[in-house]
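Taken in order, these protein sequences are the chains called A and B. Numbering follows the working numbering, in which position 198 of the first sequence is assigned residue number 181; successive positions increment by one, without gaps. Numbering follows the working numbering, in which position 322 of the second sequence is assigned residue number 503; successive positions increment by one, without gaps.
Derived from the structure by calculation, the hints contain no laboratory data. Glycine is no exception: its CB is placed at the ideal position from the N, C-alpha and C atoms. Careful, some of the hints might be misleading.
[To be verified] Computed list of chain A residues with no C-beta within reach of chain B, every gap over 12 Å:
#1 62
#2 115
#3 142
#4 146
#5 166
#6 169
[Unchecked claim] If you want a taste of the chain B side facing chain A, the calculated C-beta under 8 Å gives, among others:
#7 260
#8 339
#9 393
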Amino acid sequence: MLGSGLIQGLAVTARNFVGSFHDPKRLTTLEYPEKKTVLPEAFRNFPFLVSENAEDPMGTLRCVACQICEKECPPQCIYIEKSKDKKPDATGKMQIYPAIFLIDSSVCMNCQICVEVCPFDAIKMDHEYEIATQDRFKALLLDREQLAKPNSYFHSIRPEEAAEVDGRLATERKAAEEKAKAAAQAKAAAQAKPAPQAVAKPQPAPGGNPPKTTNPA
Amino acid sequence: MSTLSDSPLFPSGGAHVKAVTDEFHGDLLEVSMGPHHPSTHGVFRMVVTLDGERIVKLKPVLGYLHRNHEKIGEATSYLGSMPYTDRLDYLNAMTNNWAYAIAVEKLGGLAVPERAEYIRIILAELSRLQNHVCLAGFLLQDTGASGTPLMYAFRERENILGLFESLSGSRMMCNYQRFGGCRVDPSPEWMQQASALVDGFGAFLDEFEELITGNEILMARTQGIGVLKAADAVAAGITGPMLRAAGVAYDIRKVDGYGFYPRFNFRVPLGAHGDTYDRYMIRILEMRESIGILRQALRDAPAGPIMDPKAKLRGFRPKPGEAYGRIEGPKGEIGFYLISDGTPNPYRYRVRPPSFVNLTVLEDLCLGHTIADSVVILGSIDIVLGEVDR
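Construct all of the structure, not just a fragment, from the sequences and the given hints.
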């Protein structure tokens, strides 16, 4: 019968209309500013810099200004200037730090490649998405003070990944401490027994950057 | 005084409606449709010359979304081009990633672990589902079924994008595949969610077909409109569902057997008439086949590594040579042609875009039909301007 397809379709619409009052599967929208969707842990939107301590974010940045992310960033939105002096990094080794760290978030495309190539777990992707601003230029060019967020924040948005990173850094720190201790012992032994130069020289503190075995993702 | 129509950049002038005369047709009307017209699926412009309401000439104007993709690919590292491929056909980041990854894996001689191949197939078929569901919704919107089918389609699509988001971190710009494998290993919970979605998808398709497939208005608007003959389709290099709607059995999943597709049991649906209705139905049938592939893949996916241990993230320098990687994307054959000169950047980076090649027959399909039909025909070709203009 001509028109039966039309009526059949209208019946589907009617079922959905009635269902939208009681069936949660047919209620698919959220009243946005009041209610927000629960983000999955993997969600990524704009990078931030991890700092160890919330009280002193600039003093405890994990970033050592190695500039790998600056080089690998596909749209070239990162700008870094190295510091002249050094300070201890997450593993206790004296490192340079970024004197200037800028991310132009109007250029950034949230691809996560900076996170993947970072050997120090210093840059991570954020969950923040309400970042609209009325200023086209300055407000979108984020400096290191705006980018730095404490490790506790990282734990709050990505508990699994943050725990894994903390575990890895703790092992590295322990290894570094043991090596430093061994070096100190060797030095002490050398001083206690003033033998001709044959004794092993004290090793410098080990690098905080052994090659990672797993991919950062 | 020079006007916009004198400019070599705008050979057919800016937006306009003007009277023209033709020695064969007499008085005609030239109308510029787009690039801001909502029915052109982005920033595509058609300059149509009308005799009454019939189209006698159609001139596509492209390039409004040109972003220099291929030249950027030559200046970026192999890894750096991966997120840019998301932005080609922004509905199908997963399949774009895969095609590019295949090209680079051929260059670098990387092998993909078994689990990664299964994950790729799962994601590619999910991507096909959400692309086709979008197409069906938009096509019906173009015919005038305002809102309802599109919103039903988007409700389903949103579930698939939610899966992509929980796996890769982004709904559409997934940046998920890597050379020699995948970036993240999906958890067992993710696989369960995917299975639940796949199990429910057949019911959605049944409902969608009940809603619209038998609709008399849809049939009147699409049957016999924009007929593409098999010989013309082959001559124009059309691929994908549009070619199969014309009755040519050519599916790269079967022809090349890339990935693990030869292990899967699925059929390739074919159209009989090559008209707009066939192009709509072929997508519905392909979705049903995709559900079958997904069931098999989710059942059989083995445990194991997801990355080739030889693969390097940074400083990837393949030996000099060239490679072409292609897959059956939801829109057709998506391919990447790369030439390496041994440096970290490709010497040449070329995309074979299915949308752009499929768009070339638009004028032939539209001639003689009304201007309202041209909108429906364009909708059935399934273009994304990010890929057409690159």
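The hints, checked one at a time:
1. The Cβ of residue 62 of chain A sits about 17 Å from the closest Cβ of chain B, beyond the 12 Å cut-off, so the non-interface label holds.
2. No beta-carbon of chain B comes within 12 Å of the beta-carbon of residue 115 of chain A; the shortest separation is about 18 Å.
3. For residue 142 of chain A, the condition that its CB be more than 12 Å from all CB atoms of chain B holds, with the nearest at approximately 14 Å.
4. The claim that residue 146 of chain A lies off the interface holds: its Cβ sits roughly 15 Å from the closest Cβ of chain B, which is beyond the 12 Å cut-off.
5. With a cut of 12 Å on Cβ distances, residue 166 of chain A stays outside the contact zone with chain B, its closest approach being about 31 Å.
6. Residue-level check passed: residue 169 of chain A sits 35 Å from the nearest beta carbon of chain B, beyond 12 Å.
7. Interface hint status for residue 260 of chain B: upheld, as the beta-carbon distance to the closest one in chain A is roughly 7 Å, under 8 Å.
8. About 7 Å separates the beta-carbon of residue 339 of chain B from the nearest beta-carbon of chain A, less than 8 Å, and the hint is met.
9. The criterion of a C-beta within 8 Å of any C-beta in chain A is met by residue 393 of chain B, whose closest approach is roughly 6 Å, and the hint holds.
Consistency note: the structure conflicts with none of the earlier hints.
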